[in-house]
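Undergrad: In order, the protein sequence lines correspond to chains A and B. Going by our numbering, the first sequence opens with residue 1, and the numbers climb by one from there. Going by our numbering, the second sequence opens with residue 1, and the numbers climb by one from there.
Check the hints yourself; a few may be wrong.
[Said to hold, decoys possible] Below, simulated SDA-like cross-link-like pairs (lysine to any residue); rule was C-alpha separation at most 25 Å, straight line:
id, chain 1, residue 1, chain 2, residue 2
1, B, K343, A, G156
2, A, K145, B, E144
3, A, K145, B, R93
4, A, K145, B, G280
5, A, K145, B, N140
6, A, K145, B, T87
7, B, K166, B, G280
8, A, K145, B, L409
9, A, K145, B, L123
10, A, K145, B, K166
11, A, K145, B, S408
12, A, K145, A, L75
13, B, K343, A, N157
14, A, K145, B, G406
15, A, K145, B, G139
16, A, K145, B, E122
To be clear, the hints were calculated from the coordinates, so they are not data collected in a lab. As the structure is a computational prediction, the values presented were derived from the model and not from experiment.
Residue-level listing of the chains:
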Amino acid sequence: MKQNILIGVMLVAIALLIALPWYAPFFYIFIFTEILILGLFAVSFNLIFGYTGMLSFGHAAYFGMGAYTTAMLLLHQDWPFVYTLFAAMALSGLLALVIGFLCVRLSEVYFAMLTLAFGMMVFTIAHSWRDVTNGSDGIAGFRIKEFGLGLDLTIGNPTVYYHVTLVVVGIAAVILYIISRSSFGMILKAIRQNPERVSFCGLNIRTYRLASFTIGGIFAGLAGALIAPFLRVASPELMHWSMSAEPVLMSILGGTGYFLGPFVGAAMFVLLETWITSFTESWMLFLGIVLALMVMFFRKGVLGTFLDWWMNKND
Amino acid sequence: MKTFNPKNLMVSAMTAATLSIGAGGVMADDHPIHFGGIYILSGSAATYGEFAQEGINLAVDEINQGGGILGRQVEVTFEDSQGKAATAIQAARKLAYQDNVDAMLGLDSSGVAQGMVPTVPELQKPFIITHAATPDVTGNLCNEFTYRISVNVPQNQKAAARIAAKTDAKRWTTIGPDYAFGHQTWEYFGNYLKELNPDVELMEDTAFPRFGAEDFTPFINGVMDADPDGVIISVWGGDLVNFVRQATNLGFFDQGYELMFTVGAATEVLDALGDRMPEGVWLSTRYWYDAYDNELNQNFVKAYMDRYDHAPSYNAQGAYSAIYAYKQAMEAAGTTDGPAVAKALSGMTMEATNGTVTFRKADNQAMVSPTWGKTGPMHPEHGIRTLTDIQVFDGEEISRTPEETGCSL
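Taking the hints into account, I'd like the entire structure generated from these sequences.
TA: If you want it as structure tokens, here you go:
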């Protein structure tokens, strides 16, 4: 019964998202495009953090890699948009594979520190290699005209771009969900809970960790590929450690234990930012207070706390 | 018309947070004309944003006291660009779609301007740049909605090259922020100087510290080791304040170099430095409050100093003038409709505090000149260095030709 209600709520939410441009103020199309993209970024991070139990502090490197790939292909090669998404996923995945290979041999805080170090290295390259990345100004002025696949979509139109984002993020979320529910996903969860026991079963933990890290990187790259045409610029800030912190905060806000938790966290993050910055410049202070309360009293995040309470309620 | 008119709570909340200072209140039958300003309001260059706000608020109050524009009162909402292109683009979308502004102005950073300008036509609102100087926005990135009332890099550097060519310095280098502005300053200065004086040497040893860097010591030492004759310095904002302090301590100003600060006479910086800004160096500014002897300027400087107790900077003046440019364009167009106002700005000539200013049809750039001058004694009342040997050039003459801009409007 409760399962059915949940599925019903999901369907209504999806319908509301699809119909958003017809009832919400125009500005909210931008807000929700951002929520969807950052939500995918956070979910890709949560595969590594919430499922596999590795706290990566350099996840923005793959996000930024995707953004630069799309921006540069659009600027220099005039590729149709949809192909740049695949290119971004491939390159971000490759970067995650290389960095992950060096990082997954460590765990706990050492893993976090090493991913942070590599993340800042990628940031510094983007920031300093002016001939290729245009330095701190980033890649801008690229045109977005053709979608590809023979579809006649004006993706420069914010409403169209919102729907494109919704479909792409939707497909990516389904793929990630299937991965997380597969036997592979179960092994990742087991590794989080008890790595020794998993390795006693004869499984190579490092390989699984690396696979998880790389898949996370691929989908972070996809999110990055979506954000560049949205912001109309790919700049080094997208790779900065403070950008790496955002999926961490979103996952904790929404809840790491549920697949959709990071999406809820992303929505809270972006909406709070939009509303609070209308009144004060220091919105980070408010975010800090909210986060401190969450971590102290609602460890499972907003979605996690609510679902656990509701599922356990006797009626 | 496909503009959207959100009648939701956010609008009233935003309006409450808006600086709307009407003398007679809002007219019953017509809502106020709404401007959106995007400036750096946080970080090391935040004073620039504050001065721009002061200029805009002064213009808005004057206009409201004089009956408004098209009989409507005027109000303004400010957004912080944080000096980042992505933030500024989002802010412009918010202003255009959420706050429903009629026109926009602002932008301090060249990097931000380069990212943002290509997106302006989507918003269908006119945008007057009041500070950012990159040639690209009235060059290869130009469009029919984007205008610039302030001096750009080529104008400033053509003037700089003329001054530099008259000095004895032969070996030139640069210290500038590591983004579009610093690199383009050096490029244009070098090219113009070579044209005037083919014998000069443009050195390989240049220094481009990160914008917002706290410590300039290694860069200052590097330039001193290279031992140039002249240095063109495009560091600006809070960075310039830090730079001058550190350079003084390292003896940089005692080396006998010919020093030219391309945006040195920003009163924000001069205020902060006081007599620590050395005497006898060349400073440039897009506008110098003491350089224009016309009634508009006298009234502006007096009103500004009475109200804020410091001299108006070029950023304050640019922002102030842009509001008046919109007033004239809206009255000429007879409407606040975005495309119509943008069209009215094209080729428009206005009387501004720095003389007669024309937005050139070919690239939407105002034909204006920087003011260069040598730092003299401290001003007895204003607490900042005076400028001596003041040089103002003909705006049209020091601008790129329309063909050189790469803009096709």
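Undergrad: Determine for every hint whether it applies to the structure shown.
TA: Status of the hints after comparison with the structure:
At most 25 Å may separate the alpha-carbon atoms for a hinted pair to count; K343/B and G156/A meet this at roughly 23 Å. Restraint check for K145/A and E144/B: the C-alpha separation of about 20 Å stays at or below 25 Å, so the hint holds. With a C-alpha separation of about 20 Å, the suggested pair K145/A and R93/B falls inside the 25 Å cut-off, and the hint holds. Between K145/A and G280/B the alpha-carbon distance is near 53 Å, which puts this suggested pair outside the 25 Å criterion.
As the CA atoms of K145/A and N140/B are separated by approximately 19 Å, the hinted pair is consistent with the 25 Å bound. Distance check on the hinted pair: K145/A and T87/B sit about 23 Å apart at the alpha-carbon level, within 25 Å; holds. The straight-line distance between the Cα atoms of K166/B and G280/B is roughly 15 Å, inside the 25 Å bound, and the hint therefore holds. The suggested pairing of K145/A with L409/B holds, with an alpha-carbon distance near 21 Å, which does not exceed 25 Å.
Restraint check: the Cα-Cα separation between K145/A and L123/B comes to about 17 Å, which is no more than 25 Å; the hinted pair holds. About 50 Å separates the Cα atoms of K145/A and K166/B, which puts this hinted pair outside 25 Å; it is violated. With a C-alpha separation of about 20 Å, the suggested pairing of K145/A with S408/B holds against the 25 Å cut-off. Using a Cα cut-off of 25 Å, the hinted pair K145/A and L75/A holds, with the two alpha carbons roughly 11 Å apart.
Under the criterion of a C-alpha separation no larger than 25 Å, the hint pairing K343/B with N157/A is consistent with the structure, at around 23 Å. Our distance criterion of 25 Å between C-alpha atoms is met by K145/A and G406/B, whose separation comes to about 22 Å. About 22 Å separates the Cα atoms of K145/A and G139/B, which keeps this hinted pair within 25 Å; it holds. As the CA atoms of K145/A and E122/B are separated by approximately 13 Å, the hinted pair is consistent with the 25 Å bound.
The structure does not agree with the numbered hints 4 and 10 stated previously, though it agrees with the rest.
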